[in-house]
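Assemble the whole structure, with the sequences as input and the hints as a guide.
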Amino acid sequence: MEMIQSLTPVYAVLVSLSAIIPIYLSRNNPNLREFWTILAAIVKFIIVLSLIPPLLKGQTVGINLFEILPGISFGFRVDSLGLIFALMASFLWILTSFYSIGYMRSLKEHNQTRYFVCFAGSLSATIGAAFAANLFTMYIFYEALTLFTYPLIAHEETDEAFRGARIYLIYLLGTSIAFLLPAIIGTYLAAGSLEFVNGGLLAATASKGLSSTFLVVLFALFILGIAKAAIMPLHSWLPNAMVAPTPVSALLHAVAVVKMGVFVVLRVVLYVFGIDLMSALGIGTFLAYFASFTILLASIIALRQDNIKARLAYSTISQLSYIVVGVSLLSLSGVKGSILHIVVHAFSKITLFFWAGAMAVGTHKKYVSQLSGIAKKMPVSMAIFTVGALSLIGLPPFSGFLSKWYLLKGSLEAGLVPIAFVFMISSFLNACYFLPIIYIAYFGKISPEDEKDSHIKEAPKMMLVPMCITATMVILIFFFPGIVTSLIDLALNGIF
Amino acid sequence: MKDDVILRTITKFMLPFIQIFAFYTLAHGEISPGGGFQAGVIFGSSFILIALVFGKKEARSKMPRSVNDVLISTGDFIYAFTGLFCIFAGGFFLEYGELPFHSAKEGNHIGMIIIELGVAITVAAVMMTIFFEIAGKEDD
Amino acid sequence: MIDFFTTHAPVLTIVVFIFGALLAPVFGRINNSLSYYCALITTALSFVLSVYLLFSVYNNAPLEYLLGGWKPPYGIEYRVDILNSFILSVVSFVSFLSVIYGYGSIKSEIYEKRHPAFYSVYLLFIGGMMGILITNDIFNMYVFLEITSLAGYALIAMGRTRYSYMASFNYLILGSVGATFFLIGIGYLYMQTGTLNLTDLAQRLQGHFDTNVVLVAIAFIVVGLMLKMAVFPLHFWLPDAYTYSPSVISAAMAGTSTKVAAYLLIRLMYTIFGIQAGFSGINFSGIIIVIASITILAGSIIAISQTDLKKMLAFSSIGQIGYILIGTAMVNKYAFAGGLLHILNHAMMKTALFMVAGGFFYKFTSTKINDLKGMGRQMPFASAMFLILSLSMVGIPLTVGFISKWYIILGAAQSGYWIVVPVILLSSLLTAIYFGRVVHNLFFKDSEASNTGILHAKIPYSMVSSTAVLVFLCIFFGVFAYMPVEISLKAAENIIGAMPWK
Amino acid sequence: MIEFIADKYNFWIAIVLMMIGFYAIIAKHNLVKKVIGLNIFQTSVFLFYISISKVNGGTAPIIWHPEGHAEVVYDNPLPHVLILTAIVVSVSVTAVALGIIVKLYKNYGSIEDDEIKLIEHNEPELDSK
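Chains as they are written, first to last, in the numbering used here: chain A, 902 to 1397; chain B, 1015 to 1154; chain C, 11 to 512; chain D, 24 to 152.
A portion of the hints provided could be inaccurate.
[Stated by the list, open to error] Only pairs whose alpha carbons sit at most 27 Å apart, straight line, appear in this in silico DSS-like list of lysine-lysine:
id : chain 1 : residue 1 : chain 2 : residue 2
1  : B       : K1071     : D       : K126
2  : D       : K77       : C       : K81
3  : A       : K1009     : C       : K455
4  : A       : K1009     : A       : K1353
5  : C       : K378      : B       : K1070
6  : C       : K123      : B       : K1076
7  : C       : K378      : D       : K126
8  : D       : K140      : C       : K378
9  : C       : K123      : D       : K77
10 : C       : K378      : C       : K500
[Claimed, not checked] Some chain A residues flagged as far from chain C (calculated, every beta-carbon gap over 12 Å):
id : residue
11 : I964
12 : A1105
13 : K1267
14 : I1326
15 : F1344
[Stated by the list, open to error] If we take Cβ atoms under 10 Å as the criterion, some of the chain C residues that face chain D in the derived model are:
id : residue
16 : H18
17 : E156
18 : A167
19 : T171
20 : F179
21 : S475
22 : F490
Please keep in mind that the hints were generated in silico from the structure rather than gathered at the bench.
Think of the CB as a built atom: it goes at the ideal place given N, C-alpha and C, for glycine as much as any other residue.
Okay, here's the thing in structure tokens:
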């Protein structure tokens, strides 16, 4: 493949990072501040879009900025997997920015400047990780994202928020230093380089007689180190991090942070170990079973959650493991399904979080049991929720159906029938925890106080419009899967 | 002790001898026990004796603080400058043989005595400073 | 002229300090600021000379300088190779920046009348360390060690609180015991070999490592130096000394003094004891690695429970010395380079951290962690620098802290000391915890009524700029690590290559 | 056994003195006594150095030309020189230590380290000088 030296990926990262300065400087003028946020979001999305044409032509855009240590450089390389992730994140940033403005202003939150600054920083880190050319660059952005999101989670500045943020930091920073860093060092020792290679960085060195125990331990370190993927038992930071304002939960805990986790898992499996080495070592199957445990357990826990955001959080944990299981199946459809699920889940889950925020703004309600009959007062929001929920359960004509289809097909291709059953049981469980919400909202009896309360109304337009757009996307992807799958096929070309 | 006539008289009588002995030790340090350090200590102790017998004020008037401070630096300066001068004379640091006297032997002799003089001045001044600082406020 | 300069540069590095130290009080009689400029010029000159030395030995053989023209085993010899010229540059750079920093902070913390004496003693303090680094004569090392220690006692005693005297006294007693131990060790070595020149000692000790005399000498020297280095069970003097001294001195000391003691141990371990050459049945590196690991963990754990920022930084320094020891004791090129890099990196980070702490003190006369609540709003720039430095201490990539840890871990993996890896990772986590606490107070807590006692409204530019330079370098050398890495790798090659390889 | 002790009596003296000094440094609360302990400790090392410089049948290392003796055996002068330097250092350390003690006494009215710590603990003064 042709390599084009270009600074475009660097600009994509820098746009939001440099936006921090005008955002901070215009802290006394909210309108101007928000203008900068949105401008940065749009410019970023355009830059990411501009990277598509060369990719379709079969060229790779990338640049090695500088070599930090011999064999370890700080560089970017745009491949289609990274581009899918970047496109998704930057597109959703635009929507979330509008949504945040509506949300923060309706609730009159404090410290909005810090909020927008950190938000912009987080996005830079996300895009940086998406375009990272090697493990080292990825690690930097992985850590940067953790640090940028800490103030967002602690935003409320209550004891509970600090507790949640502390747990978040301990889990993510702790595992990444204790496990991910040694894993990277181990990789460097084994391969002498950290660049992502189609077919696997370590696959090339496997013939050098590295003991399989070493590789298995290395893989275990990677999986333990990527706590952002929220594979049990390292998941409990995610429900705790839900103390953040809802837009943060929406973008960061449905799109950026957790998706970065599974994205790193994908990178490790596909580009560091490689399909062949994984199946030779037999760790793919092991990971598949390990993560299916998370799928089922998290779904069951979600059933018991009354807090809306907690229920969504456990749902996220379960859905993330879909992606991990999908890639560890090591079959074409499995991997395809798992990449598709990254996108699908992002759109569906952000819709649900937006809805949760709309509920918080419109009704100040946080519990499922309080939502009885609420659909009468907030018909649009509930319709949007229904779309997101049905998509995650996996019903057509919503895009969730597509990814589940591929995942099921992949598990059968790999000959792992139990995994197929796990997917089906989990779909059933998904239905069990989403459908009751829909049921009581539409058919439950609205309580008399709520009936009279004139404050309960639809959320402001600033919030509703982004919700509608994401919901539309959920349906759109079902009918036009080509916009995503063409890129996925491109990514898988070099691997299978 | 200020009023003790015998002590005062004997001290007055002894002081010049102590100081001359200091110079003897200094000049002879090259070939016999002695040298700049010992000379400095002896010289300094003569002032300490003054302070003990006549009181701190009297000693300070003979050796004011400002002079004392400058002396510390001066001795140090003589030492360092001699060393540096050897460099400019074409040798290594402190290589007295290269000093511009008639021969290397001569240079060694004179250079060493200059160095010792610097050491002696500094040590004497430092001894006095230490004494006056530690003796502190108690004026007796 | 260039020849002349190159020949005499090693001794000039020390001579500038002699002249500076004696001119500072003389100028001080005229005007205090003159003595300040005297200190500034002296340290600047020594920095220039050190860097010049580093460049001139980088591609050439080590420079030798014979004091008084006496040939090596008899006379005192100065010897400059990459290892010590590297540390010379670090020490002189840190001391130079500390002087700049001091322009604002010394005025507020030390009596006007004492300024000339302060600068003079400060120059002796730095000059003594430069002497330790540059000399190749073991007794000369002892003398310089005592010069720098004596100056250090006086400097600590100039602190703002009356407890500074007690801190200084404790350091004095323990420091003298340590130095005397070193002296005993030298005596035993002299007994065995009859020489004091390091190069000569190394040759004459070959084959005598199993004698009791040499073993006793090593035991005394190692214990004595570890006292000076404040390695874990011998660290009691350090926290008080760093906490109660003036801000400039905390900053300069944290960056230099313990590292110079560490250099001494490294130099002796490698050049004369040949760390792995002799000692049947005694694993010298193993012992030092275990001690260093305990130091790292203990320093970090004790730091967590501190309530005073400066004390916390002091305990953190104790832990960080462990990194330097652990890296250099592994007898591996990469680990050695990592340890050496950590001397530079830790000097920059810890000096800057103490400078920031001094900035808080300058404004609010307090360094209690609880009094720092809400500083993120009141002193945003200082707090931001503190944040960057904390990240660097934790070892986040693109900061210098990462580079040295990376090399130490790499070396540990290569030489098979796997135990080191979890120790370093665990201590990174502990570091994250204790710095996280401070950062949390800075940015997420609202200021309390108690810290409204503002002493100075504005922090002088001298303090801000010198700290900012260090913070910038912390990032710069984290991103463009090539230069220090190359230098330390080459130093490591020279040092390890000169001894019998494992 | 007796011979072993008697032969190396110089070491034993050094060790005994060193331990006395060490004991004083560690166990005494009075700061002046600590300094005295330090001095004893250092003196033991000086003695040790001087004793190892002794050459059997040697005399003081001062050049002299006695009649009838072609060769004179001298002691090794180098340790003497080293110790002279070490003594200077020791004196300076003592001076600094005593200076600090004077200041401590002025500030706390005590030279017992436990009392000083107690005073500091009860009434800490941040900006006292």
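Results of checking the hints against the structure:
1. B/K1071 x D/K126: holds, 21 Å
2. D/K77 x C/K81: holds, 25 Å
3. A/K1009 x C/K455: holds, 20 Å
4. A/K1009 x A/K1353: holds, 24 Å
5. C/K378 x B/K1070: Outside the cut-off at roughly 44 Å; violated.
6. C/K123 x B/K1076: holds, 23 Å
7. C/K378 x D/K126: The hint holds at about 26 Å.
8. D/K140 x C/K378: holds, 19 Å
9. C/K123 x D/K77: Judged against 27 Å, a Cα distance of about 49 Å means the pair is violated.
10. C/K378 x C/K500: violated, 42 Å
11. I964: Holds, because the least Cβ-Cβ distance between A/I964 and chain C comes to about 15 Å, which exceeds 12 Å.
12. A1105: Holds, since 20 Å exceeds 12 Å.
13. K1267: Holds, since 23 Å exceeds 12 Å.
14. I1326: At about 38 Å from chain C, A/I1326 clears the 12 Å cut-off, so the statement holds.
15. F1344: holds, 44 Å
16. H18: The hint is violated - C/H18 has no Cβ within 10 Å of chain D, the shortest such distance being about 24 Å.
17. E156: holds, 4 Å
18. A167: holds, 6 Å
19. T171: holds, 6 Å
20. F179: Check passed: Cβ of C/F179 comes within 5 Å of chain D, closer than 10 Å.
21. S475: violated, 26 Å
22. F490: violated, 42 Å
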